[in-house]
Amino acid sequence: AQSVSQHNHHVILSEAASLELGCNYSYGGTVNLFWYVQYPGQHLQLLLKYFSGDPLVKGIKGFEAEFIKSKFSFNLRKPSVQWSDTAEYFCAVNGKKTSYDKVIFGPGTSLSVIP
Amino acid sequence: ETGVTQSPTHLIKTRGQQVTLRCSSQSGHNTVSWYQQALGQGPQFIFQYYREEENGRGNFPPRFSGLQFPNYSSELNVNALELDDSALYLCASSPRGLAYNEQFFGPGTRLTVL
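Chains as they are written, first to last, in the working numbering: chain A, 1 to 115; chain B, 1 to 114.
Incorrect hints may have been included.
Claimed, not checked - Which bits of chain A does chain B cover? Going by a derived footprint, with three or more residues having C-beta under 8 Å, they are:
(1) 40 to 54
(2) 102 to 112
Said to hold, decoys possible - Residues of chain B clear of chain A, computed beta-carbon distances all greater than 12 Å:
(3) 27
(4) 52
(5) 57
Said to hold, decoys possible - Cβ pair distances, simulated, as ranges:
(6) 26/A - 40/B: 20 to 30 Å
(7) 60/A - 5/B: 20 to 30 Å
(8) 60/B - 46/A: 17 to 27 Å
(9) 59/B - 29/A: 12 to 22 Å
Hints listed in this document are in silico derivations from the structure and should not be mistaken for laboratory results. Quick caveat, the model's predicted, so the values are computed rather than measured. Glycine included, C-beta positions come from ideal geometry on N, C-alpha and C.
Excised from the complex, chain A in its bound form:
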């Protein structure tokens, strides 16, 4: 079955702390991987994506993620979080060879950054 799991439902950090959000997926075949962010009151925005090549991808606002194929993981990291990073984070996957662009989302991790 195709699915995405996220390790933490809710994470609370102080400003300047380092962040790592875990994501694992189950999907037959080669995949594209995404992290989306949903700031309070705003729509889903793409943070970063992996399609091929270097498994360490860099996104907006200092975020990066590493694709580890052997572990079916795509963890999100940021060395120093800010209060403005408070948001809901979603890991997502779709298949490179599917005939349509169905994206499977994880349940999300709510990040609260305390000033």
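Starting from the known structure of chain A, fit chain B onto it as the hints suggest.
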């Protein structure tokens, strides 16, 4: 460049009623996908439209249906509303034909079924 827009922003209906939600895709995008996001969960794929035809469907009953128009805008129709249909409905558009499948999301329509 105009982003994805959705209307209405909020909607309240009662059980058994029917609802139509609307989406305008981003300029240059010809593919529209619809997702349901229940409170505290990730978006769930409903279906996708490409060139005015349904091009893939998730695990949703037939009372969820849609349309895509020649200008690539789209509608999501839900018949015989149930309480569990209360959710944020997201529309996403993408430019078909590119090597990757990035989707751009609208702000959503919050549907409450009483």
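Verification of the hints:
{"no.": "1", "hint": "40 to 54", "in the structure": "holds (count 7)"}
{"no.": "2", "hint": "102 to 112", "in the structure": "holds (count 7)"}
{"no.": "3", "hint": "27", "in the structure": "holds (17 Å)"}
{"no.": "4", "hint": "52", "in the structure": "holds (14 Å)"}
{"no.": "5", "hint": "57", "in the structure": "violated (9 Å)"}
{"no.": "6", "hint": "26/A - 40/B: 20 to 30 Å", "in the structure": "holds (21 Å)"}
{"no.": "7", "hint": "60/A - 5/B: 20 to 30 Å", "in the structure": "holds (22 Å)"}
{"no.": "8", "hint": "60/B - 46/A: 17 to 27 Å", "in the structure": "holds (24 Å)"}
{"no.": "9", "hint": "59/B - 29/A: 12 to 22 Å", "in the structure": "holds (19 Å)"}
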